[in-house]
Amino acid sequence: MSKLYERSANEINAGIRGGEFTAEEYIHQILERIDKVNPKVNAVICTDRKGALEKARLVDKKIREDEKIGPLAGIAVGIKDNICTRDLKTTCASKMLQEYIPPYDATVVRRLKDDDAIIIGKLNLDEFAMGSSTEFSSFGPTINPWNTDYVAGGSSGGSAASVAASECPVSLGSDTGGSIRCPASFCSVVGLKPTYGHVSRFGLIPYANSLEQIGPIGKTVSDVVMIMKTIAGADDKDQTVQVTYRTPDYTLSSNEKMRIGLVRELTEGAEPEISKQIYSAMDLFTNLDCKCEEVSMDYVEYALSSYYTIALAEASSNLSRYDNIRYGFNFAPDGYEWNAYFAKIRSNFGDEVKRRIIVGTYVLSSAYYGKYYLKAQKIRTMLKQELRSLFKKYDILIAPTMPILPFKFGEKIDDPIKMFMIDIDTVIANLAGVPAITVPAGFSNDLPIGLQMIAGEFQEQKLFNAALLFESKTNIDRNPEL
Amino acid sequence: MDSRETIKYLCSLSKLEITEEELVKYELQIEGIIKYLDKLDSITLSDIEPISQERNSYQLREDNAKSSRTDLLEYTINKEGRFIKGARIT
Amino acid sequence: MNQENKEYRSVKIGLEIHCQLTCLQSKLFCSCFCNYHGLEPNRNICPICCGHPGTLPLLNKAAVEAACMVSLALDCKVPDNITFYRKNYFYQDLPKNFQLTQYNAYGITSIGVDGRLDYGEKMSRIRRIQLEEDPGRLVYESGGVDFSSSYTLIDYNRAGISLVEIVTEPDFTDPKDVRIFLNKITSIIEHLGVCNTKRQGSVRCDANISTQGGKRVEIKNVGSFKEVEKALNYEIARQKTMSMHDIKVLAETRDWDDARKVTKQSRAKEEEQDYRYFPEPDLPTIALDEEYVSSIRMKMPELPYERKNRFTANYELSEHIAQVLIDNKELADFFESTVKIYSSPKEIANWMVTEILRYTEEDIMEPKINSSSISTQSSSSFAGLKIEAKHVAELAELIDKNIINRNTAKIILTQIIKTGEMPSQVLARTDVLKIEDKVIISDAVESVFKTENSAVRDAKNNPNVANFLLGKVMKITKGRADPKITLNLIKIKLDGLN
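Protein sequences appear in the order of chains G, P and C.
Each residue of the first sequence is one higher than the last, beginning at 1 in this note's numbering.
Each residue of the second sequence is one higher than the last, beginning at 1 in this note's numbering.
Each residue of the third sequence is one higher than the last, beginning at 1 in this note's numbering.
What the hints contain is simulated information worked out from the structure, not anything from laboratory work.
No residue lacks a Cβ here, since even glycine has one placed at the ideal position from N, Cα and C.
Careful: at least some of the hints might be erroneous.
To be verified - Simulated pairs of lysine-lysine, DSSO-like, Cα-Cα distance not exceeding 27 Å:
id: 1; chain 1: P; residue 1: K39; chain 2: G; residue 2: K384
id: 2; chain 1: C; residue 1: K87; chain 2: P; residue 2: K8
id: 3; chain 1: P; residue 1: K25; chain 2: G; residue 2: K408
id: 4; chain 1: P; residue 1: K79; chain 2: G; residue 2: K95
id: 5; chain 1: P; residue 1: K39; chain 2: G; residue 2: K95
id: 6; chain 1: P; residue 1: K35; chain 2: G; residue 2: K418
id: 7; chain 1: C; residue 1: K240; chain 2: C; residue 2: K230
id: 8; chain 1: C; residue 1: K390; chain 2: C; residue 2: K340
id: 9; chain 1: P; residue 1: K79; chain 2: G; residue 2: K344
id: 10; chain 1: P; residue 1: K25; chain 2: G; residue 2: K418
id: 11; chain 1: C; residue 1: K410; chain 2: C; residue 2: K340
id: 12; chain 1: P; residue 1: K8; chain 2: G; residue 2: K418
id: 13; chain 1: C; residue 1: K248; chain 2: C; residue 2: K184
id: 14; chain 1: P; residue 1: K66; chain 2: C; residue 2: K61
id: 15; chain 1: G; residue 1: K344; chain 2: C; residue 2: K87
id: 16; chain 1: P; residue 1: K35; chain 2: G; residue 2: K371
id: 17; chain 1: C; residue 1: K472; chain 2: C; residue 2: K484
id: 18; chain 1: C; residue 1: K484; chain 2: C; residue 2: K460
id: 19; chain 1: G; residue 1: K344; chain 2: P; residue 2: K66
id: 20; chain 1: C; residue 1: K61; chain 2: G; residue 2: K237
id: 21; chain 1: G; residue 1: K371; chain 2: P; residue 2: K79
id: 22; chain 1: P; residue 1: K25; chain 2: G; residue 2: K344
id: 23; chain 1: P; residue 1: K8; chain 2: G; residue 2: K113
id: 24; chain 1: G; residue 1: K418; chain 2: P; residue 2: K39
id: 25; chain 1: C; residue 1: K87; chain 2: G; residue 2: K371
id: 26; chain 1: C; residue 1: K484; chain 2: C; residue 2: K438
id: 27; chain 1: C; residue 1: K475; chain 2: C; residue 2: K460
id: 28; chain 1: P; residue 1: K35; chain 2: G; residue 2: K89
id: 29; chain 1: P; residue 1: K66; chain 2: G; residue 2: K95
id: 30; chain 1: G; residue 1: K237; chain 2: P; residue 2: K66
id: 31; chain 1: G; residue 1: K371; chain 2: P; residue 2: K66
id: 32; chain 1: G; residue 1: K68; chain 2: G; residue 2: K50
id: 33; chain 1: C; residue 1: K12; chain 2: C; residue 2: K230
id: 34; chain 1: G; residue 1: K384; chain 2: P; residue 2: K35
id: 35; chain 1: G; residue 1: K237; chain 2: C; residue 2: K87
id: 36; chain 1: C; residue 1: K240; chain 2: C; residue 2: K12
To be verified - Some chain G residues close to chain C (C-beta under 10 Å, calculated; not the full set):
id: 37; residue: G70
id: 38; residue: C92
id: 39; residue: Y100
id: 40; residue: Y104
Just chain G, with the same shape it has in the complex (with noise of 0.2 Å):
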């Protein structure tokens, strides 16, 4: 058996079920894979070879001894760098965290274990969460498989990209305003952002706690749904989860009549290759006798400035705790003043997550926290309330994942207003903690545009409904050349 790394997950678990082959066979090949592709894409930038093959001997154990395995079985699943896997370097991809190892696992890296699937490694990602580019990373910047002059997008650069690149067939990645998303979009591969609330963040290192959600990548939407399955669902160790059953059911039935709405703002406010691209994904559902609509939504204009003042003001005080005191790196603090020695453990941030430290602490002040921060919240109320409206009339929203194509390295990252502003069209969904999802819907010039998905919250399987029925009709690449 070879090029066992283009199957999908659900063709692994069901090949290694099969006795096609065994998991070994598969880990080494996607070892391999990772060896070959990876110093072209630095999607990865920790691979547990020893935990894998080890992992993978014992679920050939299992199915040898005809012992219970779990769904995933043996289906390799590559790990955003913010998320803590216990015994293996977690870093954030910062310099503050290089020598981290985390005494537990999140609990989505738990239940992945626990259903048997290979953790095969640690992925890129732009430091602590924050950028849309990956190229804030101390490991250097992950480069879009498509054409390696461009961006795979942020932060989970690493998760899309190495799913692009089969080094696994799915991965975990994490969405702040679109981090999840974005690269998604900008890889030609499906990815998820679930329910604010739907998905443990035990084990999340946050950028900002109140908007992000842990969710799956893969190269398929049943893909996506089979890592979803597990991961979902109530956990007694995160208190802002807010469903109450441990796994949420769910169906690959793509016959629904749905009713669409496009919104306006965000699509005509995208390059006008993208547009057209969701267009004619709105004339594609309509021929299949959905519905479809033009919705205009009021509060888009101020989502931006709300996302963006309530996760540096979060991010801001989720940073305070490094201070090398309890775990860290290396660096004695005998002989400094106390003031000193944090001050200089923490010039160990980079430029962007200092930048956004000093805004964060600015919008917090007590002389502006009703300017900013309250008002971003008050924002947040009316968007939300906008979409349950919506979504009392709609069974989905469409609109471009991304307003721009990938752009090359170095184009973004001196203006972080120029940044900031390729997020318009994922925060909205983050804002309201509603699920959303993106599918590869074209191509512009060789470089991948996604059709983005939007569904009230806990609504998921609507998402799944509509992304199945499209993926089926359309035929987009999802496996470039490498």
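Got chain G sorted already, so can you dock chains P and C onto it with the hints?
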């Protein structure tokens, strides 16, 4: 806003040490970001309640104690005996 | 000192009392143990309370209940929803470099507001009550070595322990009132059972004081409630001296130096800080409905003033005696257990207040707080004493039935405290029975009359001789002779001689 002084103050509040170079580099960028966030001023929402999640008191954690399986001190680099070492206060 | 204070009319004192919820099993946001005393440093920590990346706070249900109880006991309103806020500042005892606490500036979110507590004729308003976490502990010297000029050592065992903070309005003008108030709060907290105030470090009190409308000075690091009064008196004097010399009082934090009995500039200089409060995103708002608050009210143990009323009404104790019992919950509990066994409330209460109280620790009414060393000091007043309710009950019964007199009972008590024997056992063992047998007493009287010849001859002129002779008889009968019968016999005999 006196950017330089403000940024220096914010850095001391958040225990960040930045060089003169960084200060020069960040000044315009940060000013730009804050100016962009000022867009929030263009709308009045005085009667709106900010968003919040609610939970009932019976959905909280039960008061059971247990020992940690791992000795966290193994994950600390700077220590002396059973104490964690910090910098001097004065 | 008091007279000077009365001249100093514009003294305003407010208190911030921090009380550990020692009744709980676990910490406020994680499952580490609430009782960490005696443990080695950093043995009671986990990734949550040490602020490891990616960990989330898990709010303790029982902590909310206990804090709600304190709010109700201090007559506060409990809001419909409570929220936690982050108080952002950096310090090495703070694992996340922010403290999870409560904050009311943007809307009432803390567990209690607008309460009051009467004490004697006076009253203080309670501004708010909030739930928050304790920080860790910094150590500056160990084994006689002071390393504070090079580094600091940190122990996070205490980090994350549940605290209830009670903030009063600046309604106090006299440090003596502060002490009375603090004792009353202690009594309430003990009666609620939420905090063992006798345990080292479980209750701490900081005070804010301003004089003559000047700046507010915060006094921290005060070791006991008695010390609070001293510290306040010192600070009033200090500020008065400064104003006499036209020196402005600065708004600052000062530490109480227990050894030198002065306040001094705080070691940890906290600049005027912007704490950048915002609601903790990792914790949802907790809804506390009518039903919840009523259920807490019903679960509440009897409050001190309720118990005192019951003591005076049902047991017919005097106000004074009832108050002494109430002021020490353990004593009051002991009293009631004893009365359950043998119902002689007045007699037993007397014993509690006169004899038993004397045997307990010297400062039982003044909880020791905030000492820098961890000691294995026991938390009970009766530690080491073998006395129990059943002993006192039997003593009372023996007295009631005239088998022994009170003097004898006192002697028996000294034995019981050491050995834990029942009074009847001590009696049987040492033959301490009251002597009522007239024949035996007559013999004793005879022998005294023989030895005290001169006194007997004086009896004609001196009416006190009878008592003197009584004393002698008591002496040779080791206090066992019934005094009434003895005196009678002596008088008869003296009459007979004349």
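Against the structure, the hints:
no.	hint	verdict
1	P/K39 x G/K384	holds (19 Å)
2	C/K87 x P/K8	holds (21 Å)
3	P/K25 x G/K408	holds (22 Å)
4	P/K79 x G/K95	holds (21 Å)
5	P/K39 x G/K95	violated (34 Å)
6	P/K35 x G/K418	holds (13 Å)
7	C/K240 x C/K230	holds (15 Å)
8	C/K390 x C/K340	holds (9 Å)
9	P/K79 x G/K344	holds (19 Å)
10	P/K25 x G/K418	holds (16 Å)
11	C/K410 x C/K340	holds (22 Å)
12	P/K8 x G/K418	holds (25 Å)
13	C/K248 x C/K184	violated (35 Å)
14	P/K66 x C/K61	holds (16 Å)
15	G/K344 x C/K87	holds (23 Å)
16	P/K35 x G/K371	holds (13 Å)
17	C/K472 x C/K484	holds (14 Å)
18	C/K484 x C/K460	holds (21 Å)
19	G/K344 x P/K66	violated (37 Å)
20	C/K61 x G/K237	holds (14 Å)
21	G/K371 x P/K79	violated (43 Å)
22	P/K25 x G/K344	holds (19 Å)
23	P/K8 x G/K113	violated (46 Å)
24	G/K418 x P/K39	holds (16 Å)
25	C/K87 x G/K371	holds (19 Å)
26	C/K484 x C/K438	holds (11 Å)
27	C/K475 x C/K460	holds (23 Å)
28	P/K35 x G/K89	violated (38 Å)
29	P/K66 x G/K95	violated (34 Å)
30	G/K237 x P/K66	holds (15 Å)
31	G/K371 x P/K66	violated (44 Å)
32	G/K68 x G/K50	holds (23 Å)
33	C/K12 x C/K230	holds (16 Å)
34	G/K384 x P/K35	holds (25 Å)
35	G/K237 x C/K87	holds (23 Å)
36	C/K240 x C/K12	holds (13 Å)
37	G70	violated (24 Å)
38	C92	holds (8 Å)
39	Y100	holds (7 Å)
40	Y104	holds (6 Å)
Hints 5, 13, 19, 21, 23, 28, 29, 31 and 37 from the earlier list are contradicted by this structure; the remaining hints agree with it.
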